[in-house]
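Asks: So the sequence lines, in the order shown, correspond to chains Y and F.
Mapping the first sequence onto my numbering, position 418 (from 1) lands on 418, and the numbers just tick up by one.
Mapping the second sequence onto my numbering, position 198 (from 1) lands on 198, and the numbers just tick up by one.
Because the hints were derived from the structure by calculation, they are not lab data.
Please read these numbers as outputs of a predicted model, since none were measured by experiment.
Each hint can be trusted.
Where chains are identical, the list cannot tell them apart; a pair therefore holds if satisfied intra-copy or between any two copies.
Pairs of lysine-lysine, DSS-like flavour, derived with a Cα cap of 27 Å:
no.	residue 1	residue 2
1	387	309
2	372	55
3	372	387
4	242	372
2 protein chains.
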Amino acid sequence: MAELTDIDRQEELDSLIHEIRDTLSQEARTGSDAGGGFEPLSDLTKHDLAKLAQKIERLHAADVAKVLESLPQDERLVIWDLVHSDRDGEVLLEVSDSVRDTLIEVMDREEILNAASTLDTDELADLAPDLPEGMMQDVFTALPIDDREKLRFVMSYDEDTIGALMDFDLVTVRGDVTIEVALRYLRRMDSLPDHTDKLFVTDRDGLFEGVIHLKTLLLNDPETLVADVMEGDAVRFHPEDKARDGADAFERYDLVSAPVVDEVDRLVGRVTIDAVVDFIRESSDEARLSQVGLSEEEDIFAPVRKSVKNRAPWLAVNLVTAIVAAQVIGLFEGSIQELVALAVLMPIVAGMGGNVGNQTITMIVRELAFRKLGGGDIRLLYSKEIKVALINGVVWGGILGLVTFLMYQNAGVSAVMVAAVSLNFLSAAFFGVTIPILRTRMGRDPALGSAVMITAITDSGGFFIFLGLATLFLL
Amino acid sequence: MAELTDIDRQEELDSLIHEIRDTLSQEARTGSDAGGGFEPLSDLTKHDLAKLAQKIERLHAADVAKVLESLPQDERLVIWDLVHSDRDGEVLLEVSDSVRDTLIEVMDREEILNAASTLDTDELADLAPDLPEGMMQDVFTALPIDDREKLRFVMSYDEDTIGALMDFDLVTVRGDVTIEVALRYLRRMDSLPDHTDKLFVTDRDGLFEGVIHLKTLLLNDPETLVADVMEGDAVRFHPEDKARDGADAFERYDLVSAPVVDEVDRLVGRVTIDAVVDFIRESSDEARLSQVGLSEEEDIFAPVRKSVKNRAPWLAVNLVTAIVAAQVIGLFEGSIQELVALAVLMPIVAGMGGNVGNQTITMIVRELAFRKLGGGDIRLLYSKEIKVALINGVVWGGILGLVTFLMYQNAGVSAVMVAAVSLNFLSAAFFGVTIPILRTRMGRDPALGSAVMITAITDSGGFFIFLGLATLFLL
Chain Y
1 MAELTDIDRQ
11 EELDSLIHEI
21 RDTLSQEART
31 GSDAGGGFEP
41 LSDLTKHDLA
51 KLAQKIERLH
61 AADVAKVLES
71 LPQDERLVIW
81 DLVHSDRDGE
91 VLLEVSDSVR
101 DTLIEVMDRE
111 EILNAASTLD
121 TDELADLAPD
131 LPEGMMQDVF
141 TALPIDDREK
151 LRFVMSYDED
161 TIGALMDFDL
171 VTVRGDVTIE
181 VALRYLRRMD
191 SLPDHTDKLF
201 VTDRDGLFEG
211 VIHLKTLLLN
221 DPETLVADVM
231 EGDAVRFHPE
241 DKARDGADAF
251 ERYDLVSAPV
261 VDEVDRLVGR
271 VTIDAVVDFI
281 RESSDEARLS
291 QVGLSEEEDI
301 FAPVRKSVKN
311 RAPWLAVNLV
321 TAIVAAQVIG
331 LFEGSIQELV
341 ALAVLMPIVA
351 GMGGNVGNQT
361 ITMIVRELAF
371 RKLGGGDIRL
381 LYSKEIKVAL
391 INGVVWGGIL
401 GLVTFLMYQN
411 AGVSAVMVAA
421 VSLNFLSAAF
431 FGVTIPILRT
441 RMGRDPALGS
451 AVMITAITDS
461 GGFFIFLGLA
471 TLFLL
Chain F
1 MAELTDIDRQ
11 EELDSLIHEI
21 RDTLSQEART
31 GSDAGGGFEP
41 LSDLTKHDLA
51 KLAQKIERLH
61 AADVAKVLES
71 LPQDERLVIW
81 DLVHSDRDGE
91 VLLEVSDSVR
101 DTLIEVMDRE
111 EILNAASTLD
121 TDELADLAPD
131 LPEGMMQDVF
141 TALPIDDREK
151 LRFVMSYDED
161 TIGALMDFDL
171 VTVRGDVTIE
181 VALRYLRRMD
191 SLPDHTDKLF
201 VTDRDGLFEG
211 VIHLKTLLLN
221 DPETLVADVM
231 EGDAVRFHPE
241 DKARDGADAF
251 ERYDLVSAPV
261 VDEVDRLVGR
271 VTIDAVVDFI
281 RESSDEARLS
291 QVGLSEEEDI
301 FAPVRKSVKN
311 RAPWLAVNLV
321 TAIVAAQVIG
331 LFEGSIQELV
341 ALAVLMPIVA
351 GMGGNVGNQT
361 ITMIVRELAF
371 RKLGGGDIRL
381 LYSKEIKVAL
391 INGVVWGGIL
401 GLVTFLMYQN
411 AGVSAVMVAA
421 VSLNFLSAAF
431 FGVTIPILRT
441 RMGRDPALGS
451 AVMITAITDS
461 GGFFIFLGLA
471 TLFLL
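Using the sequences and the accompanying hints, generate a full structural model.
Replies: Dropping the structure here:
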């Protein structure tokens, strides 16, 4: 399988996906053409499926997950059937949330319990929220007492804390032994957990004392005491620390693994870089989707019903803000009737303002992702964004005033345009700073929904400013 | 410095930043109050600065970078002066692009050369694009021949390739030696490069044969041959591979480091997880900013002039699309004059359509980030998104029809509203699928500017559909 180790394996996966879809669509054509399921398979296809099963057998679990994610639901379930039940657990861990739901839906109790039995406690905790109701209790009872406690521990922490990222694959060593003894102890183990770049040094009560890198073990004289070469000041986390801060620390200090200790410095687990990378990826994916009000639960193959539901809340919010904007315009129906140019020009004021507001809000949300802003920062931000908005208002408002004059040869309308654009830019800048900062103060995610709010303000506000000024000065 | 190893160190940094700003603002108040620079410092402040310098001395380079990023430009430069020149190089590597520019601007030739001399070739390559013109040649000539070649190699690859992420800190070992010999060889080294979780096995010609994990060295009998326990099928990269695919492979196979080989399988470098994490972070940061047309060059402390410039291109695009939308409305001035309700209702049609389009485009851009879509996928996508749009059109169009009727008690206007919303949703879904797919086909980033394009279409299209239908059927 040398060719599978190459990064070009992506193409290989693509061609396997292609092959699967060919095989299955042939069947679909000869068998039933309903979307809801497959008829008993022909012999030809059975043979083809056996061949596919072999190919899938050879894939890394993460690649199997990728294949499943790339298939529409019907075909996905046929292939899921081909995955050996021993691997169900690891594949479930790798697939995206939305695909995981569809796979678990078709598994029976026993299959789920079987899959769960192949996983570590920290992995079970990841899977738990997606299991059917009641099922988790069964999984729980099937565990040894010790693991139950660990599972309860991990599950008691929020998704966005270190506690949810940690695992229990600790290799600990005592500080008062020599490197020689530590090495002998390691050789008695069959293998070390993945991402073991260091051992954790504890005292006899399990209190954390420091870390010793594998390379330190390798490079130093075997007679040296572990305590003499360990790092006592290694970065350590607490289960209740924010996962985001943990990810920052991993990035800043280039960590591969780090210890997690409780309030009395007892070593309780570790966090590894792979969990951190997954967290970073998922957060950025989530942030992107949540900006347009979507959840991770939907993928492009999600059933229509699910998609409609997933997209509804945001559309509902938009419905309300749009109706408010319409009401604002409604206030000035008389003015529009007198001067229809206003109806033509008002969307320009609103649209440009929305743009300015979204730029400001994006800059600030990004900064807030790095750090807390102090009072001095905030004053500076307001003053800077308002200056930028003023300059932009004069520049772009000026251009729009000119365009307006070319369209209507009416200096009054032009002047109102310039003033309205500038004022709406100022309001966009002011609320663009205010909204994310207020949301952070209230302990909310500054990104989520910021775009709707600022757009609602610049739309309704833009219409009001423009139509209001026009009514005051032109009619 | 035990307290500095805790994740709560964030608060410590915040309080240091606070202290810095206090100290410097005192000075600013007693000295000059111009924004452009600081007057000669008073004795009191000199003493305070010495204390600050000590505190900064004790910080990790990444933390110094964070402090610098959190300060407005003037104060940032005062603190930059306090950083010991030996550390300039590593701090420059850690700060964001926009801050790096401001720091390099105030360094003279010698300081830059000095900072460069403390860095590895792969780090120099990261810094190179930000150095003043001509400076890079000087840095280049100051390097040993061997390093020059490496630097030229890394710099010949695009930012988004594996070549740009790789470093040359390779520890290689021959396959035909025993573990004992390998261990003895390691012990002769003072230290191993960061993120060395494995050694790279090469033959006498430097051809890559496999990898051997440190833990394999630790766990196996010292008499074993390296070749017998190495992994021959380890994931390997080529310098021209896409960095994104490399990041996927790191995530999928939980890698800490991976070899980079050339076309004849000669080992040329390695990629480590910290470079990958930086890449993932930066890409997601860039994607977020580019959605509103901003570049990474701007931070919240950027001068007003720079911000105005950075935000201009997007506003210019928006200016054009807004004027087009206005022209579309202008076509129907007569209809609006006759039925002013149209002006009130038209922004609703446009706004809701934009929302639907942005949801569709976000789903697809996200999917395109994972994989190429085949012809079957694309057909499925069109059919699914159009179904979702139809259902949403009927549901939300229906609600809007009702709202319209409550506002105007005019069944005709209501009917036009329902029809226009549904049609605009369909157009949004169609272009929401088409735009990112076409852009990918043209080899462009499907995300960049997608939102402007879809909004332009749903705005102008929405106005046209609504006003057109109204003109046809109501007037």
